[in-house]
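Novice: Sequence:
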Amino acid sequence: MASVLDIISNCPLFEGLPEKQIEDIQHITIEKKYSKGEIIFAEGDDGNGFFIVADGRVKIYKVSIEGKEQILHIFGRGEPIGEVPVFTGQKFPAFAEAIEKSQLIFLPRKTFIELILKTPSLALNMIGLLAKRLRQFTVQIENLSLKEVPGRLAAYLILLSEEQKNSDRIMLTISKGQLASLLGTIPETLSRILNKMSGNSLIDVDGRHIKLLDMEGLEDLAENGKI
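Quick note: the sequence shown uses our numbering, first residue 1065, plus one each step.
Check before you lean on any hint, since a few could be wrong.
As the list claims (entries may be wrong) - Here are the simulated DSS-like pairs of lysine-lysine, each with C-alpha atoms no more than 27 Å apart in a straight line:
1) Lys1084 with Lys1096
2) Lys1132 with Lys1260
3) Lys1155 with Lys1165
4) Lys1132 with Lys1240
5) Lys1229 with Lys1165
6) Lys1155 with Lys1100
7) Lys1084 with Lys1132
8) Lys1132 with Lys1100
9) Lys1240 with Lys1165
10) Lys1240 with Lys1229
11) Lys1096 with Lys1174
12) Lys1182 with Lys1100
13) Lys1240 with Lys1260
14) Lys1275 with Lys1229
15) Lys1155 with Lys1182
16) Lys1100 with Lys1126
17) Lys1240 with Lys1100
18) Lys1174 with Lys1084
19) Lys1155 with Lys1132
20) Lys1097 with Lys1155
21) Lys1182 with Lys1229
22) Lys1096 with Lys1155
23) Lys1174 with Lys1155
24) Lys1174 with Lys1229
25) Lys1126 with Lys1084
26) Lys1084 with Lys1182
27) Lys1132 with Lys1165
28) Lys1126 with Lys1165
29) Lys1126 with Lys1240
30) Lys1174 with Lys1097
Hint data in this document are derived by calculation from the structure and do not stem from the laboratory. Values in this document were obtained by computation on a predicted structure and should not be read as measured data.
All chains, full assembly: derive it from the sequences and hints.
Specialist: Have a look at this one:
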């Protein structure tokens, strides 16, 4: 695992900050370890600080009245989670759970706010990241409400291709059950759609490895939502 200083330096919240300010941030951090399946915070818990994923992966999710889980996002190394309550002083709006053995860096709200008051550029970085997060959630809500599952899946595969900097070969970094929840569907439906997309020569699936055979067709599917 990279050092705490390196992880902080590469976190989107702190990009461009001078080394001295990065070191000041490091001094207020607390390292925490979580087992797979362990809850990091629950919806309604006091937002007494936020986390940066140092190692492992964390899912953020909501639970409906019927007990159905809807994954909102999955975060990996270097990504901050639960940072909104730092500004608002409110409670966490969702659950966070380690989906594999994970190590997180915790930044207490009180001491972090004190740093922000001394470092205005830090506040600007946070505003930029929060604006980006808002856009991501807006797109996700739009996809869930306006697009059918095939369109959501195609959009997700294209996004993975961009993130993994590989034009036609990608790897799913989460289980198909977790992917189904992220897309607002069930594993059986996801499997049927993957098979149908394979049958239409859009993709080739080999476990978690997926080859994108027809990028133009996937882009059209992502836009129109139907195979």
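Novice: Would you mind marking each hint as holding or not holding in the structure?
Specialist: Each hint, compared with the structure:
1. Proximity of lysine 1084 to lysine 1096 is assessed by CA-CA distance (about 24 Å); at most 27 Å being required, the pair is judged to hold.
2. At most 27 Å may separate the alpha-carbon atoms for a hinted pair to count; lysine 1132 and lysine 1260 meet this at roughly 26 Å.
3. As the CA atoms of lysine 1155 and lysine 1165 are separated by approximately 25 Å, the hinted pair is consistent with the 27 Å bound.
4. Pair hint lysine 1132 plus lysine 1240 holds up; C-alpha atoms about 16 Å apart against a cutoff of 27 Å.
5. Between lysine 1229 and lysine 1165, the direct Cα distance comes to roughly 26 Å. Compliance with the 27 Å bound is thereby established for this hinted pair.
6. Between the alpha carbons of lysine 1155 and lysine 1100 the distance comes to roughly 24 Å, so the proposed pair stays at or under 27 Å and holds.
7. Taking the CA atoms of lysine 1084 and lysine 1132, the gap is near 45 Å; set against the 27 Å cutoff, the hint is violated.
8. Using a Cα cut-off of 27 Å, the hinted pair lysine 1132 and lysine 1100 holds, with the two alpha carbons roughly 20 Å apart.
9. For the suggested pair lysine 1240 and lysine 1165, the alpha carbons sit about 19 Å apart, so the restraint of at most 27 Å is met.
10. Of the pairs offered as hints, the one joining lysine 1240 and lysine 1229 holds, with about 21 Å between alpha carbons and a cut-off of 27 Å not exceeded.
11. A distance of roughly 18 Å separates the Cα atoms of lysine 1096 and lysine 1174; the hinted pair therefore holds under the 27 Å criterion.
12. Note on lysine 1182 and lysine 1100: the hinted pairing is violated, with a Cα-Cα distance of about 37 Å set against a maximum of 27 Å.
13. Of the supplied pair hints, the one linking lysine 1240 and lysine 1260 holds, its CA atoms being roughly 16 Å apart against a limit of 27 Å.
14. Proximity of lysine 1275 to lysine 1229 is assessed by CA-CA distance (about 13 Å); at most 27 Å being required, the pair is judged to hold.
15. Using a Cα cut-off of 27 Å, the hinted pair lysine 1155 and lysine 1182 holds, with the two alpha carbons roughly 25 Å apart.
16. A threshold of 27 Å between alpha carbons decides the hint, and for lysine 1100 with lysine 1126 the separation of about 18 Å falls inside it, so the pair holds.
17. Taking the CA atoms of lysine 1240 and lysine 1100, the gap is near 17 Å; set against the 27 Å cutoff, the hint holds.
18. For the hint linking lysine 1174 to lysine 1084, the alpha-carbon distance of about 20 Å falls within 27 Å, and the restraint holds.
19. With a CA separation close to 21 Å, the supplied pair lysine 1155 and lysine 1132 stays within the 27 Å bound.
20. The suggested pairing of lysine 1097 with lysine 1155 holds, with an alpha-carbon distance near 22 Å, which does not exceed 27 Å.
21. A hinted pair counts as satisfied when its Cα atoms are at most 27 Å apart, and lysine 1182 with lysine 1229 does not qualify at roughly 38 Å.
22. With a CA separation close to 20 Å, the supplied pair lysine 1096 and lysine 1155 stays within the 27 Å bound.
23. In summary, the hint linking lysine 1174 to lysine 1155 is supported, as the alpha carbons are separated by about 14 Å, within the 27 Å threshold.
24. Restraint check for lysine 1174 and lysine 1229: not satisfied, since their Cα atoms lie roughly 38 Å apart, outside the 27 Å limit.
25. Simply put, lysine 1126 and lysine 1084 have alpha-carbon atoms about 38 Å apart, too far for the 27 Å limit, and the pair is violated.
26. Among the hinted pairs, lysine 1084 with lysine 1182 is consistent with the structure: their alpha-carbon atoms are about 13 Å apart, no more than 27 Å.
27. Between lysine 1132 and lysine 1165 the CA atoms are separated by roughly 24 Å; this keeps the pair inside 27 Å, and the hint holds.
28. At most 27 Å may separate the alpha-carbon atoms for a hinted pair to count; lysine 1126 and lysine 1165 meet this at roughly 21 Å.
29. Restraint check: the Cα-Cα separation between lysine 1126 and lysine 1240 comes to about 18 Å, which is no more than 27 Å; the hinted pair holds.
30. A C-alpha spacing of about 22 Å is found between lysine 1174 and lysine 1097, which places the hinted pair at or below 27 Å, so the restraint holds.
Consistency note: the structure conflicts with the earlier hints numbered 7, 12, 21, 24 and 25.
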